[in-house]
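Residue strings, one per chain:
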Amino acid sequence: MIELNKQTFELNKPIGYVVGGGLEANLQVRLTVPPQEVQEGAFVVIDSGTWRFYGLVTDLQLGSTDPRFADEQSELRLPAGLAGLLHGQTLFTNLNVMPVLMIDRGPEPGSLGYEAWRQEHPEDAAPVTVKTVPSHHAPVRLADADDIAQIFGEEDNHNIFCVGHTREQGHPVCLNLEKLVQRSSGIFGTTGSGKSFLARMILAGLIHAGHTATLIFDMHNEYGPDSISSDTSQAVPGLKGKFGSRVRLVGLGAKTDFGKLPADFTLEIAQSDITSEDILLLSEELNLNETAATVLSALERDLGDQWFSEFADMRNGAMEQNEDGKSVPAPDSVAFWANQAGVNAKSAEALRSKLDRVMRKDYLVRSTATRGLQEVIDSLENGIHVILSFGNYGNDLDYLLVTNLLTRKIRDRWKKLTEDSYKDKGKQPRPLVVVVEEAHKLLNRGMASQTIFSTIAREMRKYYVTLLIIDQRPSQIYDEVMSQLGTRISGSLGDEDDINAVLSGLPGRSALRGMLAKLQPKEEVLMLGWGVPMPIPIRSRRYDARFWQQVLGSQEQPKTIAEINRSLGFEADDTD
Amino acid sequence: MSEETKIPIGKLLRADSRQFVAGCRVKELETPALGALCKVKMEDGSDIFGLITNIQINDDGLVKQLVSGLSIPSEYTADNRYNRNLPVEIYVLAVGFQRAGRLYHRLPPRPPLSLDALYLCDDAELVRFTNSGGYGYFRHILRLEDQPVEELLVAHLAQARAAHELQGNRDWYGGACQELITLLRDDYPRLMNVLNALAELE
Chain Z
1 MIELNKQTFE LNKPIGYVVG GGLEANLQVR LTVPPQEVQE GAFVVIDSGT
51 WRFYGLVTDL QLGSTDPRFA DEQSELRLPA GLAGLLHGQT LFTNLNVMPV
101 LMIDRGPEPG SLGYEAWRQE HPEDAAPVTV KTVPSHHAPV RLADADDIAQ
151 IFGEEDNHNI FCVGHTREQG HPVCLNLEKL VQRSSGIFGT TGSGKSFLAR
201 MILAGLIHAG HTATLIFDMH NEYGPDSISS DTSQAVPGLK GKFGSRVRLV
251 GLGAKTDFGK LPADFTLEIA QSDITSEDIL LLSEELNLNE TAATVLSALE
301 RDLGDQWFSE FADMRNGAME QNEDGKSVPA PDSVAFWANQ AGVNAKSAEA
351 LRSKLDRVMR KDYLVRSTAT RGLQEVIDSL ENGIHVILSF GNYGNDLDYL
401 LVTNLLTRKI RDRWKKLTED SYKDKGKQPR PLVVVVEEAH KLLNRGMASQ
451 TIFSTIAREM RKYYVTLLII DQRPSQIYDE VMSQLGTRIS GSLGDEDDIN
501 AVLSGLPGRS ALRGMLAKLQ PKEEVLMLGW GVPMPIPIRS RRYDARFWQQ
551 VLGSQEQPKT IAEINRSLGF EADDTD
Chain H
1 MSEETKIPIG KLLRADSRQF VAGCRVKELE TPALGALCKV KMEDGSDIFG
51 LITNIQINDD GLVKQLVSGL SIPSEYTADN RYNRNLPVEI YVLAVGFQRA
101 GRLYHRLPPR PPLSLDALYL CDDAELVRFT NSGGYGYFRH ILRLEDQPVE
151 ELLVAHLAQA RAAHELQGNR DWYGGACQEL ITLLRDDYPR LMNVLNALAE
201 LE
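Just so you know, the protein sequences line up as chains Z and H, in that order.
Numbers 1 to 576, taken from the working numbering, label the letters of the first sequence in order.
Numbers 1 to 202, taken from the working numbering, label the letters of the second sequence in order.
Keep in mind that the hints were calculated from the coordinates and are not lab data.
Every value quoted in this text rests on a predicted model; they were computed, and no experiment measured them.
Hints are supplied without guarantee of correctness; some may be wrong.
Reference excerpt, derived from the structure (chain Z facing chain H, CB under 8 Å, subset only) [unchecked claim]:
id, residue
1, Arg68
2, Phe69
3, Ala70
4, Leu76
5, Leu78
6, Leu82
7, Leu86
To list a few chain H residues with every Cβ distance to chain Z over 12 Å, as calculated [unchecked claim]:
id, residue
8, Glu75
9, Arg99
10, Leu103
Where a beta carbon is used, it is the ideal one built from N, C-alpha and C, also for glycine.
Okay, chain Z solo, but in the shape it has when bound (with noise of 0.2 Å):
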């Protein structure tokens, strides 16, 4: 079979031809080569008078034109080569073909009119949305290496980004940075589908490329610092091994450990920093009932920027006694600021002890030593990329206080910049692309209202952030977050939710259910969505050292301390 396929592939030769179907169904393509040479999921291309049709098998059905020739088994009752001759007459494969998008190719290049029509269309015809159908018996055949370029692009290792390979052919499949970070995007599969090492090599592709900031929230620290794959025992390299000075390890509080590595600096939030706004947005977490904004906007009103810390300086339920032996609240309770501030003394208490869980937070400081929330966003401005290590701090909390004051920063901030380079006709801002893992943690149903990311994924577009969500429960996504995602790279998913949240909002989904079922693990993906000219299953790219020197070239890898010290004439061991 493996010669076979050979053989068709390298003389790309028709596999079939149309007989039938539409738009809405589907074409149906008679196959004329052993079902075997196809898998669902291939590339095909249907070539019908001067358009170039690009579709995706989305199935393969065995027929025949009387059942009694498929009950009988002919081999048994005929000679090999008359039984041989009923495949493909009598008993047949016929592949489900889903039209994706067509080409206007003009007459033949040397034909009567071809020039003609050169002069009528001096740039090359893109490839447009399918709409209509090729003619009855137009041949199809498995897309080459052109042809793939032609819709996907090909590599240039800088915006065209090859992530994986057709699964019969192998050829590459690419898809372009600049307009993956256009739009919202998501990397999905169940755990050991290999989402992780997908994206970190879209993210060292977005890194390597250069036109874009990320901010990666790291949940396991497991993006920056090299780590050993748990499946395979190998070593995989982080990206900041790799990209040296141009990716800042962050870690949150001062204890987080990256390991062998130094982190870049460490985040600490001043008080100051915390705004009524990053309280209410926890309203949920913090069970606050209603009253909590009128008593937050009366502290910031009273206390101005200090309000977090004074706030937090104030006893709760402190009395002393009066001159007249009365009990009323001291002078440095939350009751005796309530009564000033003239607010409910009851509604105020209740909000100081809620925040009590905040307020013991030890990366929340009074002052900072250093400008780390700044610092996060002068370096993304700058095009140095972040990663966020939660250490750890690995509650909702967590995730959410420091996620939504720190995006809630650069939302301001990237807005502001926007609108300069508005009135100024100056430079756009560097597009900044928020990794989020695990996101569901942030995006699902009940905390999705309590977070910036629904508004980053809803409204930031045209200021340039983007999110970049990576999960293996698609389904705990917020339908609202999982519909403005314009790119999506999903390995196998076994959950039918999960597989329905994936594809929602897209066309043909009921053709491309099975095809996200049948992903293998660790191996294939498919991409789809807005970024992607159209749907398309790959094996994906291994992330391994042949990655690295293909993406960095073996002359831009820095060196560790370890390898500077070995070129040298040390020994590893003579470093300690």
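Given chain Z's structure and the hints, the job is docking chain H onto it.
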């Protein structure tokens, strides 16, 4: 003049546009076979081609008397066979014609006339006729009713295959089988009968 035109196998008794019947003497009966390609040369220089679909030997009064007799001397049998009054009838299905050197797998414009001579085609002519214009003449055969079409096909394909293979063309037979499957793929019983019959050739 080619060799085959020297082998007349009979003279026409009657004809219509679709088939004609030739009479021949018993001693001429050794050459024609079921499914063989034969032709009638017309006065205008054209040829009408046909396939032998049936060979019929009718009885006469004398045969009936002889059959009912107790014993028949062998010279009587020989005399009745070779000097009988009624000819052996050869039924030929018209499958095409040749005019001005070009072959057609259509019915001839006019049937041949009575007493026209019927000749057997040789291998070269069989190959030439069956090679021309695909397998279009199969339709005339498949249209036959009340006749063992499968047997006729097998008999014809066996002769044609041998003739083609003698010339080194091994693909003709496969193509013919493929064509029959295409033509009969919606008629399961008939196709299976044809294929079962063809299985004998393997």
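Tested hints:
no., hint, verdict
1, Arg68, "holds, 5 Å"
2, Phe69, "holds, 6 Å"
3, Ala70, "violated, 11 Å"
4, Leu76, "violated, 12 Å"
5, Leu78, "holds, 5 Å"
6, Leu82, "holds, 5 Å"
7, Leu86, "holds, 6 Å"
8, Glu75, "holds, 48 Å"
9, Arg99, "holds, 33 Å"
10, Leu103, "holds, 26 Å"
Violated hints, listed in ascending order, are 3 and 4; each of the other numbered hints is respected by the structure.
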